[in-house]
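Visitor: Sequence:
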Amino acid sequence: MTKISELAGFLEEIAPLHLQESYDNSGIICGDLTWDIRGVLCALDATEDIVKEAHQRGCNVVVSHHPIIFKGIKKIQYRHYVDKAIIYAIKNDIALYAIHTNLDNVLANGVNQKIASKLQLNELKILAPSGPDGQTGTGICGELSTAMDAGLFLDYLKEKLQTACVRHTRILSKPIKKVAITGGSGASWIGSAIAAGADAYITADVKYHEFFEANGQILICDVGHFESEQFTIELLAGLISEKFRNFAAHCANLNTNPIQYF
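Residue numbering for the sequence shown is 2 to 263, as defined by this note's numbering.
Bear in mind the hints are in silico, worked out from the structure with no lab data behind them. Incorrect hints may have been included.
[Claimed, not checked] Cross-link-like lysine-lysine pairs, in silico, DSS-like; alpha carbons within 30 Å at most:
(1) 85 to 161
(2) 92 to 244
(3) 53 to 72
(4) 92 to 75
(5) 53 to 85
(6) 126 to 53
(7) 175 to 159
(8) 126 to 161
(9) 161 to 178
(10) 126 to 159
(11) 119 to 76
(12) 161 to 175
(13) 75 to 85
(14) 4 to 92
(15) 126 to 4
(16) 92 to 126
(17) 175 to 208
(18) 126 to 75
(19) 76 to 92
(20) 244 to 119
(21) 179 to 208
(22) 178 to 126
(23) 92 to 161
(24) 119 to 75
(25) 4 to 85
[What the hints assert, rightly or not] Just the calculated beta-carbon pair ranges, DEER-fashion:
(26) 256 to 156: 45 to 51 Å
(27) 22 to 134: 17 to 23 Å
(28) 217 to 94: 21 to 27 Å
(29) 4 to 109: 41 to 47 Å
(30) 157 to 18: 34 to 40 Å
(31) 17 to 79: 18 to 24 Å
(32) 29 to 209: 35 to 41 Å
(33) 17 to 217: 37 to 43 Å
(34) 73 to 148: 45 to 51 Å
(35) 13 to 196: 27 to 33 Å
Just so it is clear, CB atoms sit at the ideal spot from N, CA and C, and this is done for glycine as well.
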């Protein structure tokens, strides 16, 4: 049997914990690293419904992108969605493991590389490098094989990233060839995308005033937080399945996106 510690070690080889942001809470959230793994469910969010799905599918480990606990908890009562997930996990001996900004901050097998692969980008580089080797840092930048008209690019984006809508800045006359990406909340790196010479910047959670930072130089595309990171589920399940053959790694069936579109 494979121990949870072996799974954690493998994931931390791909995305070392020291690469997570200071506010983050990646790693083992709930459970015991010495437990044997019966099955793993990969998800974006470790909500109570996801933990229930894991239990129903015979999995005793949930590997999620987002940590269910970000801040300190003084009371655990069956009222808040975080409490409900933790209580259900503890009652049913289900371990919760999060691989969040440390997976955002690597080039190889990272969140942004997965998005780039969906868009079939080439010549991939870290957008805002944090290490000397250029393999770690925020975001990614790459090129389409053929330049696209901006309108066609937005259609392409909706199709490939399976998003209901794209909030974007004014369409510019120049074609889209070089594309920068930061999965999740990436408005802070609009300037980095412009500096990299990107024609379009794909991210999420862009606020009203932040859209002005395009400054007529770039097409900012807000595709939605869940939508930008949803393929992380597929990424994690694939990596775990390839490494470990004595238990199953599943993609969650439940969609945890809290945002609905009308």
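Visitor: Looking at the structure, which of the earlier hints fail to hold?
Guide: 1, 6, 11, 15, 16, 18, 23, 24, 26, 28, 29, 31
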